[in-house]
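For reference, the chains in residue letters:
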Amino acid sequence: VSFQEGDGHGYRMHAPALNVPSGGIARRAYLPIPLLLAAMAGLWLADLRESYVALRLTLVLQFLFMTLASCVVAYLASRSFLARGSVGLLLLVCGILFWGFSGVMALVTGRGDFNVSVTVHNLSVWLAAFCHLMGVMLSSQPARGGSQRGWWLLAAYVATAGVLAVVARAAAAGWVPIFFVQGEGGTLVRQIVLGSAIVMFIASTLALRAQYRAVYSSFAHWYALGLALTAAGLFGVLISTVHSSALNWTGVLTQCLSGVYLVAAAFAAARESRAWDISLAVAPSDARLRYALAVMFVAAAVALRLLFHEVLGPRAVPVTFFPAVILAALYGGRGPGTLAALLSAVAIGLLGAGAAGAGEVADLLVVALFVASCVLIVWIAEAIQKVQSRASAAEAQVKLAAERRQALESASRAKDEFLAMLSHELRNPLAALSSAAHVLKLAESGSEAAIKARGVVERQTKHMSRLIGDLLDIGRINAGKLGLERERLDLAEVVSGVVGVWRRSARFQRHLASLAAQPVWVDADRARIEQITANLLDNALKFTPAGRSIAVTVGEEDTAAVLRVSDQGQGLAAGAEDRIFELFVQGDGARGGMGVGLALVRRLVELHGGSVGVSSEGPGHGTTFTVRLPAAARPGDASSPAGPHRAAASRRILIVEDNDDARQMLEAALALGGHEVRTARDGAGGLVLAADLLPDVVLIDIALPDMDGYELARRLRAARGGRRLGLVAVTGYGQPDDQRRAFDAGFDVHLVKPVSAQRLRQVIATLA
Amino acid sequence: MIILAEDDVDQRLALKLALELAGYAVREAASGREALALQRQRAAGILITDIFMPESDGFEVIEAFRRDFPQTRIVAVSGGGERTRSDYLAAAKLIGVDATLPKPFDVDELLDVLRSLDR
Numbered sequence: 136v137s138f139q140e141g142d143g144h145g146y147r148m149h150a151p152a153l154n155v156p157s158g159g160i161a162r163r164a165y166l167p168i169p170l171l172l173a174a175m176a177g178l179w180l181a182d183l184r185e186s187y188v189a190l191r192l193t194l195v196l197q198f199l200f201m202t203l204a205s206c207v208v209a210y211l212a213s214r215s216f217l218a219r220g221s222v223g224l225l226l227l228v229c230g231i232l233f234w235g236f237s238g239v240m241a242l243v244t245g246r247g248d249f250n251v252s253v254t255v256h257n258l259s260v261w262l263a264a265f266c267h268l269m270g271v272m273l274s275s276q277p278a279r280g281g282s283q284r285g286w287w288l289l290a291a292y293v294a295t296a297g298v299l300a301v302v303a304r305a306a307a308a309g310w311v312p313i314f315f316v317q318g319e320g321g322t323l324v325r326q327i328v329l330g331s332a333i334v335m336f337i338a339s340t341l342a343l344r345a346q347y348r349a350v351y352s353s354f355a356h357w358y359a360l361g362l363a364l365t366a367a368g369l370f371g372v373l374i375s376t377v378h379s380s381a382l383n384w385t386g387v388l389t390q391c392l393s394g395v396y397l398v399a400a401a402f403a404a405a406r407e408s409r410a411w412d413i414s415l416a417v418a419p420s421d422a423r424l425r426y427a428l429a430v431m432f433v434a435a436a437v438a439l440r441l442l443f444h445e446v447l448g449p450r451a452v453p454v455t456f457f458p459a460v461i462l463a464a465l466y467g468g469r470g471p472g473t474l475a476a477l478l479s480a481v482a483i484g485l486l487g488a489g490a491a492g493a494g495e496v497a498d499l500l501v502v503a504l505f506v507a508s509c510v511l512i513v514w515i516a517e518a519i520q521k522v523q524s525r526a527s528a529a530e531a532q533v534k535l536a537a538e539r540r541q542a543l544e545s546a547s548r549a550k551d552e553f554l555a556m557l558s559h560e561l562r563n564p565l566a567a568l569s570s571a572a573h574v575l576k577l578a579e580s581g582s583e584a585a586i587k588a589r590g591v592v593e594r595q596t597k598h599m600s601r602l603i604g605d606l607l608d609i610g611r612i613n614a615g616k617l618g619l620e621r622e623r624l625d626l627a628e629v630v631s632g633v634v635g636v637w638r639r640s641a642r643f644q645r646h647l648a649s650l651a652a653q654p655v656w657v658d659a660d661r662a663r664i665e666q667i668t669a670n671l672l673d674n675a676l677k678f679t680p681a682g683r684s685i686a687v688t689v690g691e692e693d694t695a696a697v698l699r700v701s702d703q704g705q706g707l708a709a710g711a712e713d714r715i716f717e718l719f720v721q722g723d724g725a726r727g728g729m730g731v732g733l734a735l736v737r738r739l740v741e742l743h744g745g746s747v748g749v750s751s752e753g754p755g756h757g758t759t760f761t762v763r764l765p766a767a768a769r770p771g772d773a774s775s776p777a778g779p780h781r782a783a784a785s786r787r788i789l790i791v792e793d794n795d796d797a798r799q800m801l802e803a804a805l806a807l808g809g810h811e812v813r814t815a816r817d818g819a820g821g822l823v824l825a826a827d828l829l830p831d832v833v834l835i836d837i838a839l840p841d842m843d844g845y846e847l848a849r850r851l852r853a854a855r856g857g858r859r860l861g862l863v864a865v866t867g868y869g870q871p872d873d874q875r876r877a878f879d880a881g882f883d884v885h886l887v888k889p890v891s892a893q894r895l896r897q898v899i900a901t902l903a
Numbered sequence: 002m003i004i005l006a007e008d009d010v011d012q013r014l015a016l017k018l019a020l021e022l023a024g025y026a027v028r029e030a031a032s033g034r035e036a037l038a039l040q041r042q043r044a045a046g047i048l049i050t051d052i053f054m055p056e057s058d059g060f061e062v063i064e065a066f067r068r069d070f071p072q073t074r075i076v077a078v079s080g081g082g083e084r085t086r087s088d089y090l091a092a093a094k095l096i097g098v099d100a101t102l103p104k105p106f107d108v109d110e111l112l113d114v115l116r117s118l119d120r
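Taken in sequence, the protein lines are chains A and B.
Here the first sequence stands for residues 136 to 903, numbered as in my numbering.
Here the second sequence stands for residues 2 to 120, numbered as in my numbering.
By construction, these hints were calculated from the structure, which means they are not laboratory data.
Take these hints with a grain of salt, some might be off.
Restricting the straight-line Cα-Cα distance to at most 20 Å, the calculated cross-link-like pairs of lysine to aspartate or glutamate (EDC-like) are [as the list claims (entries may be wrong)]:
| id | chain 1 | residue 1 | chain 2 | residue 2 |
| --- | --- | --- | --- | --- |
| 1 | A | Lys576 | B | Glu64 |
| 2 | A | Lys587 | B | Asp107 |
| 3 | A | Lys888 | A | Asp872 |
| 4 | A | Lys576 | B | Asp107 |
| 5 | B | Lys104 | A | Glu552 |
| 6 | A | Lys587 | B | Glu21 |
| 7 | A | Lys576 | B | Glu21 |
| 8 | A | Lys576 | B | Glu35 |
| 9 | A | Lys576 | B | Asp109 |
| 10 | A | Lys587 | B | Glu29 |
This is chain A alone, in the form it adopts within the complex (with noise of 0.2 Å):
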């Protein structure tokens, strides 16, 4: 089940049922936000200066909402973490622990001295919000880490008590200037800290929300909202001028609240994925986060430097910006460094540039000093990224390049056993037409041998004829100048006849043959129907020892009509499934007769657009070939619309292609079907108008510039969860394997370029 609504924030939601209880709660669970900001505003104008002081109730209820949840949740993110290896998952996993253990050991370091408390408390939900916005910031970074992922998770865990531990001792020595005055609030260096951190966490918020606008994830939701209830609840606290009084535990009891929010998204995201993993990569990236970035590294170094401003005085300023000069430039490029070091040269500006007592000269010296070594920074940031990416991009071409050389290879040596299995199939017949052409030469010509002699003849240069005329099909297939001369045919009466004809010819002589046949229709070619039956019969009738049965089935499942063929012959080894259908490929033995039969079977039937499978129970227990093909309404029977013309009906489908020729292409060829068609040239493109158009049909190639067809495929199943959607291959490279990796990816079809209108026409009919 799935709906698709608006949600009051004016983007698209696209969930399965699956994903929240139920779509009330989701949607409405935006509510508490505003509700308690007007209750907190209340509070405020009330300005009920009452102080309820319960130390041992607040500790439980922090160390339940805040803390397990917490852990909770960096469970889930680890996990995920050692899966994916995602920078954001890490700095989340570290982001969520500050926040959880905040309360908690602010209680527990202040031991009832309130400033000390706040003082913990506020630096740690600082940390909190800047290790998620990095966090949310770095999501759609590759992945990282490799085998080492272990440890870095380690290193993380013990980076955040690392830095707790110095927080809490810093607040206890009194090392950091006082934050709050019970009575008359916060100071200023703590409201510049917990304003920073409010305004950290809706950046925060409202990133989540950008990056997933296209891509719908339960986690970004039910995290998002999280985030602001988080906000809401700190910014009760910071308006609150008593301690413990209404107004305060509003805003704690808020954040609280958001606990259970940011376990619901943790749950929701493990359910969704069905292995308890949260997914934060999915998200394309955006310019406008790298420029974000940049600003969110100067406020940091801002609120650094003003944390320190009693220590450090107006002393070295400049020094305090480079590291967010640099991390914004090696991160972003050229447009966020720049706008980096502008702000900072503000910052600078501001903050008193150089040593007190300096003039204004000096002043405006140091800010163009700093000025100047930022463009250099900027210039060979990036420099290395120009360095970095042309590597990266040289890596990939030599990749792609070894790819191509082993397809290549392998499709001349699949050439050269073609060659050889193609010499012995001929050698076979020529070598009984050779002796039967010596006893007609010899034997007189009314004599029992020269009888038969001519009897092999007969048969071997018909069957020497099949083979070349059955190689011939597949060429033209291959080449695609096989057309089908469709018609409206009862699947059953072409079967019946060419088993009939097999009969009559005692053909079926030695064996037991048996026909059961239910009218079904099909749009099919009437003589290519009867070659793919007569090949399968051909095939039954080479690996079933004399006195055993060949059964026939037609008839129709599930609006496919369904040809059966099977034989108590050898069977098939396990494994070999596949490849039968292969030129040349033969049941163990290489018993003669032609491995060009079931091969052109297959490809006649995917002209078609139907499939042929094989089953068997293993060797000995013989083998049923089954043939499926769309099912067609019977001629002159319009009542039901439904079933038969499907191909007739519109479709909206998405291209993904980089060639802007066989994008248009495929695009007019699909247009002309009456489809709605839309196309984008690569796979972030690709995923962002899927989650828009959410099409029936997504044609995808291979080698696309950002990510391969496979991933873009597999990204498109998770993203549209089990709901229906045809993933259709466009490739060059046409191997067995290809195919392989192909279905293993989650495409339904795997096309072999060129396509032609007609085939395409097909498979998006039995897709759609």
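Based on these hints, arrange chain B on the given structure of chain A.
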């Protein structure tokens, strides 16, 4: 007398007719195992065998004949397989086959070989 081991019905039939016209008594076997069974019933002087056959392949038959019936002459024929046929025929020669013929061969060629083996 000749035992003719060949899995393809028509090849076996045509070759049998040709050999009978040349005056040989021919017994047919569709597999190596059948050929060995016929030989155990009544030993033949010559075995003509395909190298690729179902069940036991040509090499196994050749080995069994060499071991149990060393006086029987062996002619191996092959239409080639996944590798080149000369490989297989060369291998057959190595394990003690008296003559080898690549498919398709002229029956006269085979008759020449058989005559030379009789001598």
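### Task
If any of the earlier hints don't hold here, list their numbers in rising order.
1 and 8
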